[in-house]
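Residue numbers (UniProt numbering), protein chains in the order written: chain A, 1 to 580; chain B, 1 to 252.
What the hints contain is simulated information worked out from the structure, not anything from laboratory work.
Each residue gets a CB set at the ideal place from its N, CA and C atoms; glycine is no exception.
Wrong hints could be hidden among the right ones.
[Unchecked claim] Calculated Cβ distances over 10 Å to all of chain B for the following chain A residues: (1) S72; (2) D372; (3) D408; (4) T520.
[Stated by the list, open to error] A few chain B residues facing chain A, derived, Cβ under 7 Å: (5) E64; (6) D89; (7) Q148; (8) L150; (9) K186; (10) Q187; (11) D190.
[As the list claims (entries may be wrong)] Calculated pairs, DSSO-like style, for lysine-lysine (alpha carbon to alpha carbon, straight line, at most 27 Å): (12) B:K77 <-> A:K109; (13) B:K24 <-> A:K8; (14) B:K77 <-> A:K8; (15) A:K162 <-> A:K109; (16) B:K63 <-> A:K470; (17) B:K74 <-> A:K8; (18) A:K110 <-> B:K77; (19) A:K8 <-> B:K39; (20) B:K63 <-> A:K544; (21) A:K23 <-> B:K123; (22) B:K74 <-> A:K110; (23) A:K533 <-> B:K77; (24) B:K39 <-> A:K7; (25) B:K181 <-> B:K24; (26) B:K186 <-> A:K7; (27) B:K33 <-> A:K7; (28) A:K403 <-> B:K63; (29) B:K74 <-> A:K109; (30) A:K8 <-> B:K181; (31) B:K197 <-> A:K7; (32) B:K181 <-> A:K7; (33) B:K197 <-> A:K8; (34) B:K141 <-> A:K7; (35) A:K23 <-> B:K33; (36) B:K77 <-> A:K7; (37) A:K544 <-> B:K74; (38) A:K106 <-> B:K77; (39) B:K33 <-> A:K544; (40) B:K186 <-> A:K8.
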Amino acid sequence: MLQTIIKKNSYQDSVVLMLLTSKLNQLDEVLRVSIMMGTPSNIDIFRASGFDTPELSDASSNDMVIMLEVSSEDDKEKVLSIIDEELSSTQDSSGEVEETINSWAKAMKKAPDASVALISVPGEYAALEIEQALDNDLHAFVFSDNVAIEDERRLKEKAHDKGLLVMGPDCGTGVIHSIPLAFTNNIRKGKIGVIGASGTGIQEVTTLIHRYGQGVTNAIGTGGRDLSTEVGAISMLDSIVALNDNPDTEVIVVISKPPAKEVEEKVLNVLRKVDKPVVTLFLGTKPTFHEENLYHAYTLEEAAQLSAKLLAKEEVVYTPSPIINLENKPTGKGIKGFYSGGTLAYEAAFLLEDALGIEHGSSPEGFTLKTDLHEVIDLGDDMYTKGKPHPMIDPEIRINKIKSVVEDADTGVVVFDVVLGYGAHDDMASALKPAIVEAQKELEKQNRQVNFVSVLVGTDEDPQGMDEQKRILEEIGVTVCENNVQAIRTALNQVGATLDLLEKDVKPKQASDLEKLPETSAKLAELLTEDPKIINVGLQSFTKSIIDNKADVVQFDWRPTAGGNVKLQKVLYFLNHYTF
Amino acid sequence: MSAYTFSSDYHGEKVEALLSDSSKDVSFHSEFKSGVNVKVGDDLLYISYPYFQIPPFGLMLRKEVMDYIKPLFKEAKLSFHQGRLVIGDFQLTIENSREASNYIQKKELETDFFLEPLEVYVKQSPLIEYSLNENLEKLVKELIGFGQGLTPSGDDFIVGLLALNSRINFLPSSIFSVIEKKINDKQTTDVSIAYLKSALEGQYSTAVVEVMNELDNPVRLSKALELLAQTGHTSGKDTIYGMYYGLTLIQK
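In isolation and in its complexed conformation, chain A is listed as follows:
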C-alpha cells in the first residue's frame, strides 16, 4: 500500500535525505521509497513512477514529500516513527517549547522571587535595562559595556539608595553564593570573599584559591570604572561592607587597578575598619609593607596565596611558584605577551617594566607594553575585537600573532594565556596548537629557538578539562605555568633578567576615621547568603553556568523596543514611569 508523507516547509540537507532513503530501503517492511521536494516536476515523476496518491496534490515546492510503499497497514506506524526519529535527530532544537518572555512584566511574573538580573544586551541599550532591573528590586550583574559613565554613577547611586548592588558595567566575571555567572570558572565553595574591578583578575585569583584547596563565598565584580573619581567606588564600598557582615566569609580580597588618590583613601578607610583579614591588590603599585590584618599584595598570585594562608592560619608570607628551567635557550631576547585576559596582560606588563626597568605608561595605543624588544598586548581590547568575538571565544587574532613571531628575529619567548571556564572557547589549546606547531617548524628552518610559555587559568571542575588542555599544550613543547607570575618570571629567566619580589614587614594598621561601618542592606545580605534567582536579559549562553550549578534562571528574550531607537526608548520609559 502507498503512503504519502508531506512535511510542510521542511528543508533537509540532501545528505540527510539520502541517508534516510537508504535506511528506509533496508527495512523489510518497506518495498519502495522516494523522497523529494514537492516541486511540480517531481510530482510528475512520483506519478509517472506509480506513486500516485490524492495527498500528493497538497504538496508544494517547499515541502518535503516522502513516498512509501509498505507491505501492510501494521508496518505503516513503525516506518513513520522511524522517519520522525531520523528527521528530529538532525534538528538542533532543544525540544521543549516554552512561552517567550519578552518583557519585564512577563519575566517578573514568571520569577516573582528573582533577585538578580544578568544583563548582557548591547551597551547602548544597557542603561535602560539596568534601570528596569532596579525598579523591579533586582540586583544587576551587567556584562554589557559601553555604558556612559554618567549613567553608571546615577544607576549605582539609585541602587545604593534602594539597598541594591550594580555589578559592572563591563563585569565579565562573578560568583554569587557559589553560582558562577558570565565568563567564570567553577570554583569550590569556601570562605574567601573576592571583590574585583577586573574580570580576569578575579578569574586568576579565584582559580588559584581553588587550586590551593580553598574556595570562595562570593566573587563580586564591580566593573573597571567603579573606582574612578566619577563613580567613587560605590559598588566596591557596599560590597566590602556586605562581605564583612557575611557570616560565611572569613577573608576578603580586594582587586583593582590603582584608583585615584582620593578614591583609594576612601576604600582604605573602609578596609581599615573591617574586622576580617583583608588582602588588597592595587595592580601595578608595589607595596613595601603590610598592615596588621590588612595585607598589601603585589601580584594576583600573591593576593590568592595570602588569602589562602590567612584562612589556613599559616604564616602570611608570599612564596612565588618557582621559575621553570627550560633546556633550550632562545635565540632572541624579546618577550612577547599575547593575552586574551586584560588584567593578565596588565600584570605581565608591570612585572616586565619592574624587572627590566622600563618606564611605565609610555606604550603606544593597542599595546599594554611596547619597547624595541618586548611587547604585551591585550587582544581583548576593543581595538582588536571590533567586529570579532572576544579572543577567549575566538582564537583567530592570537593565531595570527603567534604566526607573526616567525617574521621577528628578536623574539625569544612567547607568553600567552588559556582561560577556561563558562563562556570561553571549549578547546583553546587545540585551536592554537596548529599555529604553534607551524611556527616551530618555520623557526627550526631558520635555526631559531623561541620558547612558548602559557598560563592556564582554570580549575579541575571547569567544563573544558584542565588536565587535557595542559596535556595538549605540553605535547607540542609549550611550558604550561601555574600562574601568570610564574610565566613571566620563567620568561624573564630565559632572557637573563630577574624580578625582585619584596619581603614585607607588617606594620600596625593605620587608623580609619570612620566611627563605624555603614550597615548592609537586607537585600545585599540576602544576595550573598542565598542562591541567586536570576533573570537573564540577553545572551542565552549565560544560562548554562547557572543551570549546571542548579540555580534558577529565567531567560528574558530581550530585543530592542521602539525599533532599536534609544532616544525613543527613553521617552517610552519616561512615559511608563511618569506619575500624573
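Based on these hints, arrange chain B on the given structure of chain A.
Positioned in the frame of chain A, the structure of chain B alone reads:
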C-alpha cells in the same frame, strides 16, 4: 567585551542591498549543517561559514562564529538595524567583510580542451540517466524543479547553462522568460529560486564564476572544477553538467 557584533569575512554582491532594506520582513527560513537561510521579503540570505563558494546572497562567517550564533536563528527575533542583521542579541555586519565577485567575464572561448575535464564530473550527475530534450525551451521547462535535493538537480543544471551563457551568449532569449515564469509560479524550491533569480541577473556563486573564468586555463580549470564539484550533494556536478551540455551545443 564586544561579544555582540560579528562581521562576516566575505559576502556576495547582493548582500549589501539585502541588508540595507529594512522595510522587508526577515524571518528564519531553513537550517543546514553548515549554515542557515534567512528569508528577506521574497529573497533569501544564506549565512554559512566560508566553505569554498560564496553565493551572491551569501554571508560567510568563520566556523567558530557560525557555531556560536547558529542555534539562535530559529528562536531569536530577526530584524535589520542600520544595515546590520539583528539576531536576538547579536548583530551581523559586513563592515569588515570582503565582497566577493559574483560576475562572469564575457570572453570568447580560445580553446576547446575543457570538455574532457568537465566530463569526469558530468558522469557523476544523476541527470546523466535521463535523455535530455533537444528543444532547449522544452528542456528548461522539464528540468525546473526536477530531481533530488533542496536545489533539485534540474535547477542546478539550468544554472550551469545560464553561467555559460554569461561567458558567451548562446541561449535564445525566449529561455529567460520561460525560467522567469517558472520562478513566478513557484515551480521549484525557495533555495533554487534564489539561485535562479541571481543567475538571470548574471550573478553566480564564486565557485561557478571561477570555472567559467578559467575555462581556457587547464591547470586552474581543474582546481576550480574540483571545488565546484564538492558543492552540495550533487549540486556542483549537476551545474557542471549544465555547462558541459551548453558547450556541446555551441560546438555543434
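Hint-by-hint comparison with the structure:
no. : hint              : in the structure
1   : S72               : holds, 28 Å
2   : D372              : holds, 30 Å
3   : D408              : holds, 25 Å
4   : T520              : holds, 30 Å
5   : E64               : holds, 5 Å
6   : D89               : holds, 5 Å
7   : Q148              : holds, 6 Å
8   : L150              : holds, 6 Å
9   : K186              : holds, 5 Å
10  : Q187              : holds, 5 Å
11  : D190              : holds, 6 Å
12  : B:K77 <-> A:K109  : holds, 22 Å
13  : B:K24 <-> A:K8    : holds, 23 Å
14  : B:K77 <-> A:K8    : holds, 22 Å
15  : A:K162 <-> A:K109 : holds, 21 Å
16  : B:K63 <-> A:K470  : holds, 24 Å
17  : B:K74 <-> A:K8    : holds, 16 Å
18  : A:K110 <-> B:K77  : holds, 21 Å
19  : A:K8 <-> B:K39    : holds, 16 Å
20  : B:K63 <-> A:K544  : holds, 21 Å
21  : A:K23 <-> B:K123  : holds, 25 Å
22  : B:K74 <-> A:K110  : holds, 23 Å
23  : A:K533 <-> B:K77  : holds, 25 Å
24  : B:K39 <-> A:K7    : holds, 19 Å
25  : B:K181 <-> B:K24  : holds, 23 Å
26  : B:K186 <-> A:K7   : holds, 17 Å
27  : B:K33 <-> A:K7    : holds, 19 Å
28  : A:K403 <-> B:K63  : holds, 20 Å
29  : B:K74 <-> A:K109  : holds, 25 Å
30  : A:K8 <-> B:K181   : holds, 23 Å
31  : B:K197 <-> A:K7   : holds, 25 Å
32  : B:K181 <-> A:K7   : holds, 26 Å
33  : B:K197 <-> A:K8   : holds, 23 Å
34  : B:K141 <-> A:K7   : holds, 25 Å
35  : A:K23 <-> B:K33   : holds, 20 Å
36  : B:K77 <-> A:K7    : holds, 24 Å
37  : A:K544 <-> B:K74  : holds, 19 Å
38  : A:K106 <-> B:K77  : holds, 17 Å
39  : B:K33 <-> A:K544  : holds, 23 Å
40  : B:K186 <-> A:K8   : holds, 15 Å
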